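Colleague: Read top to bottom, the protein sequences are chains A and B.
Once you know that position 298 of the first sequence is 298 in this note's numbering, the rest is easy, because the numbers rise by one and skip nothing.
Once you know that position 398 of the second sequence is 398 in this note's numbering, the rest is easy, because the numbers rise by one and skip nothing.
I should point out that these hints are in silico values taken from the structure, not numbers from a laboratory.
What you are looking at is a predicted structure, and each value in this text was computed from that prediction instead of being measured.
Every residue, glycine too, gets a C-beta built ideally from N, C-alpha and C.
Errors might be hidden in some of the hints.
To be verified - Distance windows between CB atoms, simulated:
no., chain 1, residue 1, chain 2, residue 2, range
1, B, Ser220, A, Ala438, 14 to 22 Å
2, B, Asp204, A, Gly168, 40 to 48 Å
3, B, Asp216, A, Glu229, 53 to 61 Å
4, A, Glu610, B, Gln57, 54 to 62 Å
5, A, Pro117, B, Asp204, 49 to 57 Å
6, B, Glu422, A, Ser313, 39 to 47 Å
7, A, Glu615, B, Asp204, 56 to 64 Å
8, A, Pro314, B, Arg164, 48 to 56 Å
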Amino acid sequence: MMFYLLGACSGENTKNIEDLAEIADFEDFWGDTEIVHSPRLHRLQHEQWKNAASSLLSFDATSYANTFVQQPLLDPFSQYREEYWVHPLLFHNYQIAAEQIARGVRLESEWYAEIVPQDAREGGVSFSPVWDSDELFEEEPILLGGESISFSVDIPYGAPYLFSVLVGLEDICLGQSALFQLKVDGEVKTESILNDTDLSIRVELEEGQSDIEFLFVHDCAQGFISIEEISASGWPDLGETRLDEEGIRIWLEAFTSSAFRRDLLDNEQEFWMDVFEQGAIEIASGDDIADGVEWVISAVLQSPHFLYRIEYSPDGEPLSKAELLTKLSFQICNKPPDAQMMEQIEREDFSRMYSEFLRDLLQQPCTKESLEKRHDQWMFLSTYANIFSEEDSWNPELNTLFQQEFRAFMQQLIFEEKGTVHDLYTADYTMANAEIAALYGEEAGDEFEKIQLNPEQRAGLLTMSGFLARDSDGGYPSPIHRGMVINWVFLCTELPNPPDSVSPLPDVEGEMTHRELVESYTGEGTCGESCHSIINPPGYALESFDVLGRWRTEDNGKPIDASGTFTFMDQGMVSWTSSVEFAQLLAQSREAHQCYVGNLFSFVHGREVEEEDEETIFVLTERSMRGRPILGLLHDLLMSNGFRYRGEQ
Amino acid sequence: MKRRTFLKIGTGGLALPFLEGDGWASDDIPPFLFVCRQANGVTQADGAEPDRFWPKQTGTITQQSLAADSDRVLSELAPWAEHLLICKGLRYAFPSNINAHLASGNQCLTAAKVWEEYPDANSLAMGESIDNYVARHFPEHGGEPLTLYTGPRNGQLEEVLSYRGSKELRAGEDDPWHTYQRMLGFQPSALDHRVLERRSSMNDLVLDQIHALMNDTRFSSADRQLLELHFDSVRDFERLAVQLSEDEAQQMALHQGQGILDDNRMLFARMHMDLLALVFSCGYTRAATLQIGDGDDATEYTIDGERFPSFHWVSHRIYSDGEEGESIQGAVEMHHKIDRLFAQTFGYHLSRLQEYGILDRGVSVFCNDLGSGVSHSYYNVPFILAGSANGFFKTGQFIDFEGIYHNKILNTLISSTGVRNEEGGFIDNFGDPSLEPGVLETLLA
Numbered sequence: 001m002m003f004y005l006l007g008a009c010s011g012e013n014t015k016n017i018e019d020l021a022e023i024a025d026f027e028d029f030w031g032d033t034e035i036v037h038s039p040r041l042h043r044l045q046h047e048q049w050k051n052a053a054s055s056l057l058s059f060d061a062t063s064y065a066n067t068f069v070q071q072p073l074l075d076p077f078s079q080y081r082e083e084y085w086v087h088p089l090l091f092h093n094y095q096i097a098a099e100q101i102a103r104g105v106r107l108e109s110e111w112y113a114e115i116v117p118q119d120a121r122e123g124g125v126s127f128s129p130v131w132d133s134d135e136l137f138e139e140e141p142i143l144l145g146g147e148s149i150s151f152s153v154d155i156p157y158g159a160p161y162l163f164s165v166l167v168g169l170e171d172i173c174l175g176q177s178a179l180f181q182l183k184v185d186g187e188v189k190t191e192s193i194l195n196d197t198d199l200s201i202r203v204e205l206e207e208g209q210s211d212i213e214f215l216f217v218h219d220c221a222q223g224f225i226s227i228e229e230i231s232a233s234g235w236p237d238l239g240e241t242r243l244d245e246e247g248i249r250i251w252l253e254a255f256t257s258s259a260f261r262r263d264l265l266d267n268e269q270e271f272w273m274d275v276f277e278q279g280a281i282e283i284a285s286g287d288d289i290a291d292g293v294e295w296v297i298s299a300v301l302q303s304p305h306f307l308y309r310i311e312y313s314p315d316g317e318p319l320s321k322a323e324l325l326t327k328l329s330f331q332i333c334n335k336p337p338d339a340q341m342m343e344q345i346e347r348e349d350f351s352r353m354y355s356e357f358l359r360d361l362l363q364q365p366c367t368k369e370s371l372e373k374r375h376d377q378w379m380f381l382s383t384y385a386n387i388f389s390e391e392d393s394w395n396p397e398l399n400t401l402f403q404q405e406f407r408a409f410m411q412q413l414i415f416e417e418k419g420t421v422h423d424l425y426t427a428d429y430t431m432a433n434a435e436i437a438a439l440y441g442e443e444a445g446d447e448f449e450k451i452q453l454n455p456e457q458r459a460g461l462l463t464m465s466g467f468l469a470r471d472s473d474g475g476y477p478s479p480i481h482r483g484m485v486i487n488w489v490f491l492c493t494e495l496p497n498p499p500d501s502v503s504p505l506p507d508v509e510g511e512m513t514h515r516e517l518v519e520s521y522t523g524e525g526t527c528g529e530s531c532h533s534i535i536n537p538p539g540y541a542l543e544s545f546d547v548l549g550r551w552r553t554e555d556n557g558k559p560i561d562a563s564g565t566f567t568f569m570d571q572g573m574v575s576w577t578s579s580v581e582f583a584q585l586l587a588q589s590r591e592a593h594q595c596y597v598g599n600l601f602s603f604v605h606g607r608e609v610e611e612e613d614e615e616t617i618f619v620l621t622e623r624s625m626r627g628r629p630i631l632g633l634l635h636d637l638l639m640s641n642g643f644r645y646r647g648e649q
Numbered sequence: 001m002k003r004r005t006f007l008k009i010g011t012g013g014l015a016l017p018f019l020e021g022d023g024w025a026s027d028d029i030p031p032f033l034f035v036c037r038q039a040n041g042v043t044q045a046d047g048a049e050p051d052r053f054w055p056k057q058t059g060t061i062t063q064q065s066l067a068a069d070s071d072r073v074l075s076e077l078a079p080w081a082e083h084l085l086i087c088k089g090l091r092y093a094f095p096s097n098i099n100a101h102l103a104s105g106n107q108c109l110t111a112a113k114v115w116e117e118y119p120d121a122n123s124l125a126m127g128e129s130i131d132n133y134v135a136r137h138f139p140e141h142g143g144e145p146l147t148l149y150t151g152p153r154n155g156q157l158e159e160v161l162s163y164r165g166s167k168e169l170r171a172g173e174d175d176p177w178h179t180y181q182r183m184l185g186f187q188p189s190a191l192d193h194r195v196l197e198r199r200s201s202m203n204d205l206v207l208d209q210i211h212a213l214m215n216d217t218r219f220s221s222a223d224r225q226l227l228e229l230h231f232d233s234v235r236d237f238e239r240l241a242v243q244l245s246e247d248e249a250q251q252m253a254l255h256q257g258q259g260i261l262d263d264n265r266m267l268f269a270r271m272h273m274d275l276l277a278l279v280f281s282c283g284y285t286r287a288a289t290l291q292i293g294d295g296d297d298a299t300e301y302t303i304d305g306e307r308f309p310s311f312h313w314v315s316h317r318i319y320s321d322g323e324e325g326e327s328i329q330g331a332v333e334m335h336h337k338i339d340r341l342f343a344q345t346f347g348y349h350l351s352r353l354q355e356y357g358i359l360d361r362g363v364s365v366f367c368n369d370l371g372s373g374v375s376h377s378y379y380n381v382p383f384i385l386a387g388s389a390n391g392f393f394k395t396g397q398f399i400d401f402e403g404i405y406h407n408k409i410l411n412t413l414i415s416s417t418g419v420r421n422e423e424g425g426f427i428d429n430f431g432d433p434s435l436e437p438g439v440l441e442t443l444l445a
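This is chain B alone, in the form it adopts within the complex (with noise of 0.2 Å):
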């Protein structure tokens, strides 16, 4: 028997997301759900500037259909050509009054309204975020999604991605280190490996145990299955403790505190998700969000040796946060160079899942709070899924939803980690009950 099934939660009739004990690649893992985010808006269509985000055609993908498009940033994800679902035409429901950019970036993963604040230009969802809907159906997983961040610390317009519930923000975990110590045990700043190595030798003994009981034929079947599960956890846990290793570790270790820097801006993310891979594999949560750059990333990123100014004033084609500022020249293009940044980041994370053997376990989002960063557009916002969860997805498609409300894939998100409604069908109305209820069926298997 599966551990998936060895154990059913309440009426919706969950399985429960382990690895069986043969191996990271397993077909019984079930699914996670991981969302990274980028602001700003792509360099696609808008105005009189020209698409150079999507493919040039819809429909079936391919590594060499993407490839050949090398004039757009989607060309970055060629590898996973076959992983990929690239949604176009989603768009979000409510407008902002206030600060787009927040309103935006609190819709994403909620599909809620946006309460808004004056003076201050704030803004908060008025409802739960997908990833927290997720993990909160997995209690064994300790029922809380991983939220993760990195960006400056300025006190305002920071983390504006999950939530707990209407209004209940989420902060982030800025720092990789600290995350995998708090997994760990550790108290902060021990980087004993000598602890883990104890722990290794101590596993041993345990395992050691459980397997002398799993062979003791006085055992039911159903005894031995607890104690196979019990068996698979310690080994699981073993992996998170032993599979960073101590290079990546001590990356972690001597970079800690410097996420706030600009400069270190995609070194966190990569490190953070060097941590996901490693999560994912021995499921320590089922779902996960990684937000890159603050509300509105101001992050002056360095591309091919050139400092490139604010990327919210890049985004603004102007030297200013506002309407009015002097021109930035090249500002396309390097708004073009700074989404190709973000896709090959993401496509680090691809590699590292796939060295895992997990990519298609799951379900790996690539999103935008915005459209496009000029016109602030709230259509077309990116979502380029990356993964089958088990086969739920059918994989290797570009599909242009046409201005739908893009509830609608979330809620087919969340039905693709397993989640189920009491009648046992997909989750289909997650977010603001006005919003018309349904999955996007041309994405499943």
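Just chain A, with the same shape it has in the complex (with noise of 0.2 Å):
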């Protein structure tokens, strides 16, 4: 296997993001290393669907995707495919979306004419009287059952109306049913039963004088209503049309091909226009065209062309331009990509364009509010809001703020930095306000801002105060805990899991400091030997650090011990004094590396690694290791065949 490995990574700490350009040609980049098969179909994560609808069709969508039944998270990095189904509830939810946000469009003229421009109407009109019974009728109506009110009203246009009735109720008819007839012109059209005080009728009216007769059926139990007040409201009439079949043609061309994010196929059109046709049968209001247009969004929002992100080029090859487009757009902002950069998809140099948006891309916001996600999952951030601690300096605000600071830190250190893996153990600073400086020593204002922390005691995420607080037992650091983490999140070590049935260790006695009560319970020559080896040595270069992650010197009168050693794999036995140092060898650690590389390949992928993935792990990570900045590896997996290729099956 070759690889061809450029300039900018081999040796020298690569800090510019111009230079990412250096590998825009990318024919060559990745050589032929292996590209695993991936899946054409990618049904829309939530956050997608979201951001998709609203570009369609120009509003904010987020008050329907948050009926969305929400996907279990299972894993930190949980954005794999193989979750993201369309089972029956959210079929569901994405059915009555669809309804909603269709008639939502309908009935508003404005809506109406940003969304079908070709047909933007004038003249319309619509119809929403209120009456006050004292307006219609000499007497407050009062109802026995059997018996009816009646009036006449002049309908300006004929359309399905929705008639309100606010209802008086005495207290022998609470909590009872109550049914009403709508008679129009003396015939029955339809019925409905009384929810509480508000009675809703929806009937069909013709244009002219109509004679409008309520009936309330139902005695709910020999009680008596009053009617207090009747409005009305109609589907506003928009008015001509201006559209012909020519004009619904480009109009159905143009809003099927940005709701698929590709072109039409030819038997496509004629299957849209089939719909387009079908609205006037189903809806059939009499405005024939806006019945078109709200059938053809509905169907379009529950279409699985719209559902997923689907991939039909060839295995093998080269995504297509729009499916490489889109991929990108989605996996990284989890939003369809705009007009405007579809739009430059017919330019011959396609290759320098996709480097320049990618580049563009990687310093979008939505870029970093994805990525900040992840690296919350990552860190298991959530689990932050869980701290408690019976210190005076903490309270349930810090947890807060602890999860603030390593936002901000992961932000300044990316995408201002230009940071790499390296630095994220061993960076000299973090982002801090008033009170998280206080919990290092140091000085800051009142907003979250840069500040340097001591070199000899703090070096990136292994020393941050919300980590450190998270990961303590109690009123004890816990070793174990942040050995744990340390193992599992930052070096993506294996670890079983632990016996059923274990004792929370006692509290400390005598002249005991607490890291030798944790080794006389797990150390040498017990049973927990074999895990806590790996476990406790990292754990125990944080001693330093208190349950708030301060500073300190002594354990219970002792002098503080951070010392220990530990296995990596290319360095082999490494010892340490000083939780810096230890910082320092982690850093230098290809586990480190790697890891941190799979957890960025799983989010670009949306998958797990696999083992057909360990060249381009291997590559990244040796990347990595000389100094690729965080965002140029992003790049690098943006611009590699398994991202822009199709596998072979």
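Build the complex: two chains, separate frames, hints provided.
Modeller: Below is the structure:
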């Protein structure tokens, strides 16, 4: 297997994002690295659905996406494709959202004009009168079972109307059901059940004068009711349409190709024309064009071509330009590619354009948000909310500040400093406000800002206050928990499950330090020795920090012992005497780089690393160890053959 | 590949609970759990009163053997004998110092200790109930159980059965019409079959597109399975929308809000059951409960044209909710008839499941807060299981467990739905930690 390592990655620490352009010639970049076969179908995640619907229909679809049944979150990087399928409840969520959005476009003339600019109409009217019972009737109508009220109304245009009746109930009727019928010109049109004090009845009315009659059919246990207010609202008459068949075809092609992120096939054009025409039959409001628009919008939002990102390109071939841009945009930014980008697709210098687009994308807020979520999951940041301490310096608000510190640090390191994986574990700064800075013995303002830390004490993530506080156990720092997280999260070490019943450690007695207590129960000669010889040493390295991550020099009156030994893949057995020394060793280890690269790979590809990905991971790990910035690694992954090509079956 | 094996959830290895696309009675329907609860005990041996509830012989039961014991309540379930597991000899673990009805109802599905409050005679379970436990293991089905109730709304001593967690009692849904509308996404009061018709047309459009993709040879088998799942989801949910007949829907709509009436108690129970059969068929949820009557069911049941006094009084055999009062003549016979009415209603549920072909695709439980009414006994609390849960249970048996705590049957019921512990074994430690763990092996196939 041949690898093409470019100059930018061959040793010097590349800190300039502009240098990423040097590897724009991606056709030769990844050589013949193996490409894992990937699925062609990728169901949109809820965030992606929200952005796709919002973009397509020029509105904020958040309220709809928020009603969708939530996906189980089972893994720190659980954006894996196989968990994203359309189960019955989700299908129903999609359906209701589609119906309501399509109806919304139909009922709001300005929105309609924005979505169907070819059919922006003039002279539309809407009919929404409200009648107080005093206006309609000489006396307040009181109805017993079998009695009715009636009145005449001038209907300006034929359409479905919703009548709402505000009913006054006597005590005897409360909690009972009451059936109403609505008659139009003496003919029973529909009936409805009274719900609380609001009665809603839908009916289709013709243009002109109509006699409306409400019959109180059910006597609800001999009670009576009063009618206090009646209102009616009809679908708006949008006015005369401007759309002929050619116009319909133009709108359909533009709307559906935007929704599906690709050009329509010939047979699809006829399919969607049929769907449009079906709308007039299914909805039958009398406005065939508006019915067709509503029906098409509803159908498109339920179509698999909208709900999935689909790759049609042949196996082993590059993705089509549209597919590649769509994949890039959804995977990194959770949104469809914008129209401007898709318009550039026919340019001959697509390779360069892709590189520019990618470079631009890596600096956009959506990429920052997206990466932030992944790092939140990586760090199990939500668990910071459960931190509890009896220390006077702790209060529940501090937990939120711990989370903010981590997020601000990652943003600063990745996007502002163009930092590396090595920097993650060795940075001599953090982002802090006054409360967080105080934990480090430093000062800061009310807002989060970059502060320098004592390089003899602090080094990157390992010595960050939230991490140290989260992995403490009651009144003591927990070298076991800290060591487990370092192994599991930072080094991707596979640890066996703990035994079923593990008793908590007893309280420290006498002159023993907490480390000595832990060692006496899990160290050499104990039944937990085999696992804890891996777990404990990295935790011992952080003994210099108390339960809130503050520097300490003594434990139970004895000097802190943060020394230890550990075996890394490349370095073999290593020793250290301080936290910072251990952090440096970890930052140089192949495991730490490989682990982070693997997580980044999962983020980009939406799946776990598989055996066939070994070469890609190896190449990127090498680059990372030679100082490639994290953004550079992300860039490389997005330029890789594995991302841009379809794998062989 | 079957749907249930296509995806796995977590380390528990749960099977996903969906129908196969080809019909209601597929072998691949994962098990559901339903519990129907009666209050006030049953007419079994209690002091001087003879047993009029259980079959006369333990062991194998058949339609003939159950029917032959025609003087016993459970003879009402003879048509389903081979699907039954009649469990006697189960008891609640924790006594009550205040209100035996509430404390027993609270323990019924939780096997948890009971928190009791003076002077309101109120009590709450200090643990989660099995319906909640099962439902939350299936988040793709909403993660919530369906909690149904038919009874009065007086503001006290109402729901007792379903718990989200310690002292977190879940309110029941009174009205099957509202429940149905909520499932379909309608606004209350809209009975618009045109919407259903439109959806049916729209679903055809969706299915056509999915089908076309499924026939595209470029897609791998894994891609096609994803599409097949989507295809089946559309069809499954469409069934929920169309299978409730217009008559059934109208009946629910017209009785909206009338579940509080005593005369409608069993009508509402049956309407809930109409909905339940549909719900389990399409995988809307994996666990449901139906509580008939309030905490100490005071319904005045009308049977054979005779309106009985409050069922609670009947169970005490006196005109009183307390210990002293004038005797009710024929109270034991009344209680027996009420027991039969409940058994018949449970039988109605089983017949609805049979119509959908899913009786043995899950397990339905007919249980009671108490063993018997007069003594308010926590011994011999009936647990009548129906359905093999896809072959998990060995049905057609009547077993007397001779006084063991009922947490083990709760463990067994949970395990029947496919939920497993981290080691892949049965759930055996549900309920209060002080109770001996285990499942009832003799119930298993």
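Colleague: None of the hints should be skipped; say for each whether it holds.
Modeller: The hints, checked one at a time:
no.	hint	result
1	B:Ser220 <-> A:Ala438: 14 to 22 Å	violated (56 Å)
2	B:Asp204 <-> A:Gly168: 40 to 48 Å	holds (45 Å)
3	B:Asp216 <-> A:Glu229: 53 to 61 Å	holds (56 Å)
4	A:Glu610 <-> B:Gln57: 54 to 62 Å	holds (60 Å)
5	A:Pro117 <-> B:Asp204: 49 to 57 Å	violated (30 Å)
6	B:Glu422 <-> A:Ser313: 39 to 47 Å	holds (42 Å)
7	A:Glu615 <-> B:Asp204: 56 to 64 Å	violated (47 Å)
8	A:Pro314 <-> B:Arg164: 48 to 56 Å	holds (52 Å)
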